[in-house]
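Enquirer: What follows is the residue order along each chain.
Number of protein chains: 2
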Amino acid sequence: MTLNMAAVTVDLVLLTIRGGTLQVLLIRRGIPPFEGQWALPGGFVLPDEDLDGAAVRELREETGLDPRAGHLEQLGAYGAVGRDPRGRVVTIAYLALLPDLPAPVAGSDAAGAAWQPVESVGALAFDHERILGDGLERARAKLEYTPLATAFCPPVFTVAELRGVYETVWQTRLDPRNFHRKVTGAEGFVEPTGQTAIRDRGRPAQLFRRGPAKLLHPPLLRPASA
Amino acid sequence: MTLNMAAVTVDLVLLTIRGGTLQVLLIRRGIPPFEGQWALPGGFVLPDEDLDGAAVRELREETGLDPRAGHLEQLGAYGAVGRDPRGRVVTIAYLALLPDLPAPVAGSDAAGAAWQPVESVGALAFDHERILGDGLERARAKLEYTPLATAFCPPVFTVAELRGVYETVWQTRLDPRNFHRKVTGAEGFVEPTGQTAIRDRGRPAQLFRRGPAKLLHPPLLRPASA
Chain A
1 MTLNMAAVTV
11 DLVLLTIRGG
21 TLQVLLIRRG
31 IPPFEGQWAL
41 PGGFVLPDED
51 LDGAAVRELR
61 EETGLDPRAG
71 HLEQLGAYGA
81 VGRDPRGRVV
91 TIAYLALLPD
101 LPAPVAGSDA
111 AGAAWQPVES
121 VGALAFDHER
131 ILGDGLERAR
141 AKLEYTPLAT
151 AFCPPVFTVA
161 ELRGVYETVW
171 QTRLDPRNFH
181 RKVTGAEGFV
191 EPTGQTAIRD
201 RGRPAQLFRR
211 GPAKLLHPPL
221 LRPASA
Chain B
1 MTLNMAAVTV
11 DLVLLTIRGG
21 TLQVLLIRRG
31 IPPFEGQWAL
41 PGGFVLPDED
51 LDGAAVRELR
61 EETGLDPRAG
71 HLEQLGAYGA
81 VGRDPRGRVV
91 TIAYLALLPD
101 LPAPVAGSDA
111 AGAAWQPVES
121 VGALAFDHER
131 ILGDGLERAR
141 AKLEYTPLAT
151 AFCPPVFTVA
161 ELRGVYETVW
171 QTRLDPRNFH
181 RKVTGAEGFV
191 EPTGQTAIRD
201 RGRPAQLFRR
211 GPAKLLHPPL
221 LRPASA
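Note that the protein sequences, when read in sequence, are chains A and B. Going by this note's numbering, the first residue of the first sequence is number 1, and it counts up by one from there. Going by this note's numbering, the first residue of the second sequence is number 1, and it counts up by one from there.
Derived by calculation from the structure, the hints in this document are not laboratory data. Take the hints with a grain of salt, since some may be wrong.
Note: identical chains are not told apart, hence a pair may lie in one copy or across any two.
Using 27 Å as the maximum straight-line C-alpha spacing, the simulated DSS-like pairs for lysine-lysine come out as follows [said to hold, decoys possible]:
id	residue 1	residue 2
1	Lys142	Lys214
2	Lys182	Lys142
3	Lys182	Lys214
With the rest of the complex left out, here is chain A (with noise of 0.2 Å):
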């Protein structure tokens, strides 16, 4: 068990929509290596924390958010020889998928930390680039087979809400009539709450919540544009 060894990292991929794009979570990092570049948020695995668990309290430590309040999967694990020039380390990377939340506290180790548009991204420490890119056809892909686009609306919404998180992630427009069609059709993906929100002109739009379904079916597939 001396032989081998490697330091054990998580990074996340945090993701969410404000201002009508999807944006990424990033810290400027204040120590080396990569000191002052643009890096994913994470750290290093503590001895009595297993994975899930150390990727909830980095997220904490570096921007003060609870991933909890969205949606936190793992995405994979990344550990290519020479991928980070301290020694090997394997980083575990997370997938999560947030509602618009309070601006983020940069933490102990990071310089600051900001949402960035994901379009505009450039260089990023490590292999970050190639996690994030992994981590956007994942939330790209979840949104055709789960409900999970639910995870970056508030707690209820409207169909049009909705729409625009599809429209936002997969960067295309969708037919509105056809998505309320689909959305209302897939069973068990949003209930009415019985209430409606003010609009500004035309008849209100109904209120719903996210329903109980863990899959969609039949699946919102993207088009073959997007």
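Since chain A is already given, all that's left is putting chain B on it; use the hints.
Expert: Same frame as chain A, but now just chain B:
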């Protein structure tokens, strides 16, 4: 980097179909811990190899099989405190779907290797029952949305043989006519070879090969009973 080090292993959930049942390759452990117990094949990641490389090497060492004959993907990382009595060990689990291959050969630190029907697998070493369960669910879900059922098939196959894969993995019966319509209707799932298989009775069955599709549109969904 001297604190919080862990050993990193890979473990493999290797699935194939033999004699009409879904089977998993298990190793009888030849060394402590859990000596003499069944476990998933796997081992430590070496300093000069990445995670995928370790998975391929371990499989060859333990069994003589090449997972690239079928399909290999990362299943997830498992790192609960106490999952290995030797100390902190984080394992990266892989899932492989394989066509029926020659019998495995036990490697250096395995007392034996055997394909076992997944329904009759008993207690396994470490947290390998949980990993196997996750691998089975991943395989069942992947058959809905991807053409990966063909990874269990020889290079050319009939639609009836492909249906047999679905029925075996999902443990359910599927209507032959309905299945044929769905498979040939999902763009790029299978391609006719122009050849036919000789059958005992009835007209000869068309032979197909896997098509170029990465995802099934529309997907083949599990019956509610599966």
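Enquirer: Against this structure, judge whether each hint is valid.
Expert: Okay, the hints, checked on the actual structure:
no., hint, result
1, Lys142 to Lys214, "both (11 Å within a copy, 16 Å between copies)"
2, Lys182 to Lys142, "both (16 Å within a copy, 23 Å between copies)"
3, Lys182 to Lys214, "both (16 Å within a copy, 24 Å between copies)"
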